[in-house]
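Peer 1: Take a look at the letters that make up each chain.
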Amino acid sequence: MADSSAPKPSSSVKLVLLGEAAVGKSSLVLRFVNNDFQENKEPTIGAAFLTQKCNLPTRTIKFEIWDTAGQERFASLAPMYYRNAQAALVVYDLTKPTSLIKAKHWVAELQRQASPGIVIALVGNKLDLTEDGTGSGGDAEDAGGEDSGDARKISTEEAKTYAEEEGLLFFETSAKTGFNVTEVFTAIANAIPETSLKTARGPGASHAAARTEEQRVNLNGPRDPNAKEGCAC
Amino acid sequence: MGSSGVLADSTTTEVADLSSANPYSLHRTAHARRSEYVRPHRIRIKVGTWNVAACPGTDKDLARWFVDGEGLDPALGSSKPSDDGGPVEHELHNGSPRDASPIELADGGKIGLYVLGLQEVNVLTAPSQYMTWIYAADDSTMGKWKAALEAAIPPDYQLVVAEQLAGLLLLAYASPEIAPTISNVSTISVGTGALGYLGNKGAVCTRIVLGEVTQLLFVNSHLASGVEDYYLERRINQAQQIVNQARFEPIVISGVSEEEKTKIGDEDFAFWFGDLNFRLDRLPGDDIRRLLMLHTRGEYDLSKRELRRENSLEGEPIVVRCSSDSSDEVMDRDPDRKPQNKPDDKAVENQAADDDSVNLPDPDDFPQDPQEDPASLQATLSSLLPHDQLRRLIKERKVFHEGWREGPITFLPTYKYDVGTVALFDSSEKRRPPSWCDRILYRTRKDMERYMTKVKEEEEARKKDEEMKARGIEEAADDDILFSYDPENDSEEHPTPKVAEYDEYNEAEDGGDDQSPDQADHDTIHLDLYTSHQRITSSDHKPVSSIFTLDYDAVVPELKSKVHAEVARALDRAENEGRPGITIVADHHPRGAAWRSGSDAPAHVDFGEAVFLRKYTSTLTLANTSGVPAKLSFIEKPMTNELGDGDAAEIQWLTTCFVHSEAADDDTESVDLGKEVTLEPGETLNAVLDAQITDIVHARMLNEGQPTLEEVLVLRVTDGRDHFITVRASWAPTCIGRSVDELIRVPEGGIRAFARSLIEAKARAGAIPYDLPIHRPAPKELFRLTEAIETTTQRVIADAQMLEDCTVPSDPGWPFDEAACKSTDVDTRTSHIISLLDALDQDQALPSAFAPEIPALHRLEALAQTLVLFLRGLTDGIVPTALWNRIDQAVPSIPSLANPASLPADEATLDNDRTTVLDILQSAPHHNICFVFLTTTLARVVAELAPLSKADLATLRGNEASLLAGTAAAARGGGPGAAIGGVLSGVGRRSLGFVRKAGSGGTPVVAAWAALEKRRARERRVSEVFGGLVCRGQSAGGTSGERRAGEARRRAVMELFLRQKLE
Ligand SMILES: Nc1nc2c(ncn2[C@@H]2O[C@H](COP(=O)(O)OP(=O)(O)O)[C@@H](O)[C@H]2O)c(=O)[nH]1
Ligand SMILES: [Mg+2]
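First to last, the protein sequences are chains R and P. Heads up: the first sequence at position 223 corresponds to 223 in the UniProt record's numbering, and the numbers run straight through without jumps. Heads up: the second sequence at position 154 corresponds to 154 in the UniProt record's numbering, and the numbers run straight through without jumps.
Treat the hints with caution; some may be incorrect.
Unchecked claim - Here are the in silico distance ranges between beta carbons for each label pair:
#	chain 1	residue 1	chain 2	residue 2	range
1	P	I759	R	E194	48 to 54 Å
2	R	E158	P	L559	43 to 49 Å
3	R	E157	P	E609	55 to 61 Å
4	R	T195	P	H604	34 to 40 Å
5	P	E609	R	K160	50 to 56 Å
Said to hold, decoys possible - 27 Å max Cα-Cα, derived DSS-like pairs, lysine-lysine:
#	chain 1	residue 1	chain 2	residue 2
6	R	K53	P	K615
7	R	K153	R	K96
8	R	K62	P	K631
9	P	K464	P	K398
10	P	K146	P	K60
11	R	K104	R	K176
12	P	K446	P	K263
13	P	K261	P	K631
14	P	K560	R	K41
15	P	K562	R	K41
16	P	K398	P	K261
17	R	K62	P	K615
As the list claims (entries may be wrong) - Derived contacts from chain R toward chain P, CB cut-off under 10 Å, selection only:
#	residue
18	S12
19	K14
20	I45
21	A48
22	F49
23	T51
24	W66
25	R73
26	L77
27	M80
28	Y82
29	N84
Don't read these hints as lab results, they were simulated from the structure. Owing to the predicted nature of the structure, the values given are computational and were not obtained by experimental measurement. The beta-carbon is built from N, C-alpha and C at its ideal position, and this holds for glycine as well.
For reference, chain R alone in the conformation it holds in the complex (with noise of 0.2 Å):
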């Protein structure tokens, strides 16, 4: 049978989103999927799953996501959804300090319970609450100040401190107004290692030891041309 569709490698990316309830995981994903936005959003029960494809210049990245629910409740079932994951994205809300606080735990958690070499974007959202946030353009109202009547209450340096420091990916975004949510999957996209793409999904999903295993052999090894699995269309 002939495939109509260009031959460019194309992976599945398993993501994982966490976060504290209501920052807006769900509205991100739905954004980045759909280009849409809810003003109120049902939460999440569970999980939500979605899939998504990224077109890289070189390839093709297809996004597995796991929307996770936010409520205490529902937060000893994350490990059993970022397990085998190759990307989180930590988002807390701009507007609430203590968002931020849980968001840390959960970097903290992946860098101890998550695969080696995950790659982790902080996020932080609902910027089109804060003054800077136009959402068109992050230089726009400039002369705005920062202090009256802008809700933000966790500063850009603050944050993106913490993320240099522990290696994550820093992004400010807007689901309602879209601003920087697909520059955040874009550059997780480009963030995950080629290598790790080739072997990520391995002869199943289940056999996360096998799979690790795999990784390591065939770190830096270069890419068996013949392989098809990298393939789809």
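Once you have looked at the hints, place chain P with the ligands on chain R.
Peer 2: Positioned in the frame of chain R, the structure of chain P with the ligands alone reads:
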């Protein structure tokens, strides 16, 4: 909120347990959130009681006093329990949302509920009369009173209760606003009269639920009469009996029933009224009469004339101003209490004014505090009231002590008057002492609870006291004692501590904390009016009425349904949380956008256009988004493969399997994980859906437009919910599965475009109608295929001669016998066939269907199999059943078919037989053309594949004579050519052996005969392949022997035409 009866019961016990999913959990969980849909409401209730003493004409008076509020005599009693003129606005008012349909208190306060209790509607003094009443089933009394009340109240009021027990009658009517909110009306009669059960004394009790939340209780009772202590005891016992016996149906809200019946005491608001028959103790009747007569005849006789004129009474009423300060007579004594309904008071005043007080003195003319005026009527009443048995017994906690309250009595005793007089006390021989027989008591849930608490506290204090006494601790030595209690003074059995001597005004000081509601709490009931109607003279009792304003809780239906919906959703979710659940993403969706099964909408897979034989694959990603492992399986749908009965036949075109998600992404071998798979939380796997239409019968049906390619797959999550996946494809019309008569009507451009244009025109699929013009003598598909097969055969031969690795398969059936096609695997050939069909259906040249590098051998096999498929697909074949039957019938005259085992040897017979067959086929010219065309081509292909060289032919001719010499069978020959043909055509299996035995020709002869034999073998085998495809007919019927004979004849017809003259 103070009063939330049904609710308060269960406030503490009901915890919203989301995990338990019993059928009541929705109700229970919603109930736990009731504060969200229960709102404070306000209602005014008018209660009236009257002992009509079976007097005629009492019903005529009903409207006047009960509804119109007439018959009040401001001179002989006050209507105002409190009238300090305080503002109506009450704290509750601020809290009660105006939009939640509060009961409007417009126009002087509309009455939401009228409740009337009558006594002695029938004279029943002897059991025999009671029996008469029972057996006469006399409802004329009820009818009379209903009519009287209905005539008085606004016409849109609705009957709530109408109950009669002998002389007792209870009626209730609700305003149109209130009526729909009333439910659970349960009425019970308790007979306590003569013989202990007959109904001349007793009670009629009704329980109703207001706004799904608030329970109201109304008791209309007639207790034993009589002044003596014996009768007092009976009254007490009867009241207790009523409490003990009254049981009401379990409350049903939203279809959910409480388990228990309710009883007196379960309610939020209770009203107990009637002729309770309590008398004035320790006062000689004549003294009372004399005391009261002072007033009824008295010195403030300012309105005498008017009263007389109107009522022409003997008595001379006295106008008494009842002061606002008379509230110290209120048992519920709260100095800070504000009246709630000033408009009401005004209304009462106005009513009184309208009535007959035009010339009544301005109240301001009276002494400001008649209470302090020992000569005032109120002072007189106050001096009598301490002797009232009921009040005493309440204090002594002997009857109506469990939180019951009564408004201040500011009216004359209601009993006993001479009928027809405003205020002439019983002038008969008996000269019964006046007394307040007719009363209206009330109580809130709080009142009762407060009483209970108090009793408990006292009990505890008493116990503590006893303990301390037992330990010998001196009472005086310990200041910690909560309660000053002197057991010496408490000779009573009941735990009444320090009951004050009920002396005048004493209760004002210490009785207050006994009964008054906690000041911190809002009192949910307000007595707006408590009065007798002195000027009603038709009975020897005066009627008594009260107006209450209640602040109560009621369900707001809209809010409730909203909460219910939310709870239902939450329960649903909660239930799903603990259950396995998956999310389906159809990420290989042909339309591109990822589809997600987040909602309840079914997942959707659209394969788009599906062509015959091509396999379409769609992959669903299944993600376990729950917290527990999920076991998945597709529900097997019963698939019938019986193709016999047309439309009904369901042909499987869709298959499913589970594979690891990685495998579906690439082209590596995907391992079928079996029918049932388990998916861990946080993991994904793929469900692969394959759609493929391989069945010709199915293709025919699809061409006809039946059925459509639509399925609903059910993906079952064990212990979770089923996911429905709708799958569809649209059929690409094809030449497979058509008739010759359809195909010859297909114009340039191919059948697919043509069939589509027809579908568009008719808006449905179907066969190509036979009334359309014919475009060609035979199907273009047949031309194309045979032409390509011929040229490709030549290529194959050429290749075989030139290329080392190319040899023509020796199987005589090749390339038409599928089993003999071995140059490629089935899948490759199938894909070639699909390409060829695509080309045919789109009217494209067949060679274009092949990639250039594909060897001729592969092409020929594909072409030959496509031809076979095409012929098999023809709905009526090339020789349709009707024509075949005619050939069959002509068999005796066709020697070639008569003995199908071997064709006749002589060319003339063969020619003749061919002509006979073609003559029959002539009646269907297009079929005839097809037949000739096909057989000629096949004959040529066979000749190509089994060539006879010139040398071979020559050898065969040269040896003809010697062959003939030894061949008996070939004895009858014609000319030399015919002879050769005859010999050659006569060669059978044994002929080579014969030739060898004959030994006459040597090696060339053997080779020639071998080649001839190969030719014959191919002719035979190819004829076998095509016989059934070309010639139709019911070969299914008959014995197997007949069937075989039929098959042999079909093959023989083909063989007849495949055998060409040797040249
Ligand atoms: N103003 C604003 N509101 C947002 C943004 N993202 C999400 N929200 C709102 O925040 C609430 C919680 O969002 P949701 O996506 O459910 O958060 P989650 O619990 O982290 O998945 C919803 O009412 C969203 O409409 C944003 O970028 N700006
Ligand atoms: Mg969410």
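Peer 1: If a hint holds in the structure, say so; if it doesn't, say that too.
Peer 2: Tested hints:
1. I759(P) / E194(R): 48 to 54 Å: Given about 49 Å between the Cβ atoms, the range holds.
2. E158(R) / L559(P): 43 to 49 Å: Holds - the Cβ-Cβ distance for E158(R) and L559(P), about 44 Å, lies within 43 to 49 Å.
3. E157(R) / E609(P): 55 to 61 Å: Once the Cβ atoms are compared, 57 Å apart, the range 55 to 61 Å for E609(P) and E157(R) holds.
4. T195(R) / H604(P): 34 to 40 Å: Cβ of T195(R) to Cβ of H604(P): about 37 Å, so the range 34 to 40 Å holds.
5. E609(P) / K160(R): 50 to 56 Å: Since E609(P) and K160(R) have Cβ atoms about 53 Å apart, the given range 50 to 56 Å holds.
6. K53(R) / K615(P): Holds, because 25 Å separates the two Cα atoms, which is no more than 27 Å.
7. K153(R) / K96(R): holds, 6 Å
8. K62(R) / K631(P): holds, 25 Å
9. K464(P) / K398(P): With a Cα-Cα distance of about 25 Å, the restraint between K464(P) and K398(P) holds, given a limit of 27 Å.
10. K146(P) / K60(P): holds, 12 Å
11. K104(R) / K176(R): holds, 24 Å
12. K446(P) / K263(P): Given that 27 Å is the threshold and the Cα spacing comes to 16 Å, the pair holds.
13. K261(P) / K631(P): violated, 47 Å
14. K560(P) / K41(R): holds, 23 Å
15. K562(P) / K41(R): Answer holds: K562(P) to K41(R) is near 18 Å, not above 27 Å.
16. K398(P) / K261(P): holds, 26 Å
17. K62(R) / K615(P): holds, 25 Å
18. S12: At about 6 Å, which falls below the 10 Å cut-off, the nearest Cβ of chain P leaves the hint on S12(R) intact, so it holds.
19. K14: holds, 8 Å
20. I45: Holds. Min distance 5 Å.
21. A48: Check passed: Cβ of A48(R) comes within 6 Å of chain P, closer than 10 Å.
22. F49: F49(R) check passes; min Cβ-Cβ to chain P is 3 Å, inside 10 Å.
23. T51: holds, 5 Å
24. W66: At about 7 Å, which falls below the 10 Å cut-off, the nearest Cβ of chain P leaves the hint on W66(R) intact, so it holds.
25. R73: holds, 8 Å
26. L77: With Cβ-Cβ at 5 Å, under 10 Å, it holds.
27. M80: Interface hint status for M80(R): holds (4 Å vs cutoff 10 Å).
28. Y82: holds, 7 Å
29. N84: holds, 7 Å
Hint 13 alone, counting from the list given before, is not met by this structure.
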